[in-house]
Amino acid sequence: MIHQTAIVSDKAKLGSNVSIGAFSIIHDDVEIGDDSVIGSNCEIGYPTKLAEGLPLIIGKGALIRSHSIFYQGSIFGENLVTGHRVTIRERVVAGKALQIGTLCEFQGDCEIGDYVRMQSSSIIGKCSKIGNFVWIFPYVVLTNDPHPPSNYQLGVTVEDYAVIATNVVVLPGVTIGEHSLVAAQSLVKVDVRPHKVVGGSPAKEICNTSAIRLKDGSNDKAYPWPRHFHRGYPADVVKEWLETYS
Amino acid sequence: MIHQTAIVSDKAKLGSNVSIGAFSIIHDDVEIGDDSVIGSNCEIGYPTKLAEGLPLIIGKGALIRSHSIFYQGSIFGENLVTGHRVTIRERVVAGKALQIGTLCEFQGDCEIGDYVRMQSSSIIGKCSKIGNFVWIFPYVVLTNDPHPPSNYQLGVTVEDYAVIATNVVVLPGVTIGEHSLVAAQSLVKVDVRPHKVVGGSPAKEICNTSAIRLKDGSNDKAYPWPRHFHRGYPADVVKEWLETYS
Amino acid sequence: MIHQTAIVSDKAKLGSNVSIGAFSIIHDDVEIGDDSVIGSNCEIGYPTKLAEGLPLIIGKGALIRSHSIFYQGSIFGENLVTGHRVTIRERVVAGKALQIGTLCEFQGDCEIGDYVRMQSSSIIGKCSKIGNFVWIFPYVVLTNDPHPPSNYQLGVTVEDYAVIATNVVVLPGVTIGEHSLVAAQSLVKVDVRPHKVVGGSPAKEICNTSAIRLKDGSNDKAYPWPRHFHRGYPADVVKEWLETYS
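Protein chains in written order, with the numbering used here: chain A, 536 to 781; chain B, 536 to 781; chain C, 536 to 781.
No lab work stands behind these hints: they were computed from the structure. Among the hints, erroneous ones may be present.
A pair counts as met if it fits within one copy or between any two copies, since identical chains are not told apart.
Claimed, not checked - The list that follows gives simulated cross-link-like pairs (lysine-lysine, DSS-like), each with its CA atoms no further than 25 Å apart: (1) Lys756 x Lys724; (2) Lys739 x Lys750; (3) Lys739 x Lys724; (4) Lys756 x Lys731; (5) Lys756 x Lys664.
From a predicted model like this one, the values you see are computed outputs, not experimental measurements.
Just chain A, with the same shape it has in the complex:
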């Protein structure tokens, strides 16, 4: 299961049934849970003085696709899935079933809940706090410096079930409320209230999410999205959603 070209530190702790792809490097301070797959050309546990001595802990059932880089000093719950070429820096604490799209970058020092899904190429700045069941689409940036460059960091908060569409910049200290929707290409300068749609540059409140209808012919309400979108979530979660939202 460990490719003969992979370079695996004998200090790394690999669970049972862990597979490591060709040309990948596993450094010292790494613990990888059972039944995980690390693709080719990855670098896992990249050493940094900013997290010296801290292990990288990856829960069981992970799938880390090729060319990804994880620094030492973060903790991921079970069933992590990544695209290719993600970059994950130190001191990230993430829940279970996190999905990170190709080319995403976590700049470190952030907290992420359960079942968060990110598509490609977003940047999660330091001090970000992301809740559960959040969706982040491509080229989103969660910033943290109110007057760059400075030594002062003010993170973004994204609450449960919020959806941030493509190419959105969220300014430092902003809270994106639960079940809200931030439209594509928005610049978010002020807090977004729960269940609201905001859009524009700067983003303004447009309507309630409940006003948006599915375009699939059903004309059903599109939000809260757990009403209709269940792909890949566990049966008990979907059961609860159906009771809560329908």
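Use these hints to put chains B and C onto chain A, whose structure you have.
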């Protein structure tokens, strides 16, 4: 021509005079045409259940630069050229002489014509249809979900000779008309008419493309761009352009 | 110091105490200064006909992180630091202590001063001229073609101490004045005057930078930023700043 560190499946079908760079991986379901060059650290024919059994077919004369990843299940015409670190997922059908810039991502299930040229870091969503001689500049996103997240996909159509400038988001279902120009940083919510310039967030019609003059001192019309821009296109194409557009 | 899996041309000139990571490739026309570290999976001195015979010269004390690609034909001063997966094309001339974030791309033919710092994922177009002590945040694009596609290139100029925030597009030929601040998500179409804040799409002048106060509780002026931000700069530079700006 195959570097000694490359890992090449003996089920892969390589044409004559194919070169494979160091630390590259060629999987089973791959056919690469004659006179092609695959750079170092590439992964070609990445297996996916979404295209099981479908081959990746790369036409002759391809140049795939280093660190690129192609999934199984796509077809590319001859003379494909890519930058570094492109990610191409399953079921892409592309014509000849496609140029894909560094870090571009094709999310799969899309159709692309002949002589399309893309600069760096754009994302082509599923269900996109791109015509011939289209230009796409950096950080463009062709989206497909009208109410994310959902199971409903509505692709973007880009017609022949259209030009999409830097950092543009095109919303689901929009058609970008032939010979049109979408200005930088636009959010395109409605169809763009042929030969029109649109810009802004949301994008509005600004003028006809014929109103734009070259700034090189000639004061000639800048559009249709085949009037003056011929670099790298074959002689018969350029001959036809000179007859049609001048 | 040279990993046994690295492929190093015997024509490359490596200084003393240079370290080369696993699976990295060093091509012929490369000179790397003393005490430099090249991470794993890098490709240094990538050959291009556009710079045939021109060496890549990297000054002493460089730290190039893993998966980065440098073409032949550029010159970097001492103490270069890069993130992961940077792409640097031919004929870049850069001063000392340049910091290039993860996934940045230099498209070649540009000039960069001393102590420039870039965060992730920005694109520096050909013909760009960047001064000293400039800051560039993620997803910035310095463009160069006033009517794409064309053969005419008009570069962007960024003067000393200017700050360009996240997701900004600067149009061809624009000058960003010294000590100015371009707010996030701006589209910059006209020159930015020194010491001014601009923002919006298109960007408009908002105020003087001196009007912005630190949000760290001190209420001190946030700009010129060398008043308060000194991390990683040499002591003599900081001493001069304290005399000039406080």
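25 Å Cα threshold - placement of lysine 664 relative to lysine 756: neither (28 Å within a copy, 28 Å between copies)
Intra- versus inter-copy proximity for lysine 724 and lysine 739 (alpha-carbon distance at most 25 Å): both (9 Å within a copy, 17 Å between copies)
Measure nothing new, just compare the shortest in-copy and cross-copy C-alpha distances for lysine 756 and lysine 731 to 25 Å and report within, between, both or neither. within (14 Å within a copy, 35 Å between copies)
First find the shortest C-alpha distance between lysine 756 and lysine 724 inside one copy, then the shortest across copies, and answer within, between, both or neither for a cut-off of 25 Å. between (28 Å within a copy, 21 Å between copies)
Homo-oligomer pair classification [lysine 750, lysine 739; C-alpha up to 25 Å]: This pair counts as both: shortest intra-copy Cα distance 24 Å, inter-copy 24 Å.
When held up to the earlier numbered hints, the structure conflicts with hint 5 and nothing else.
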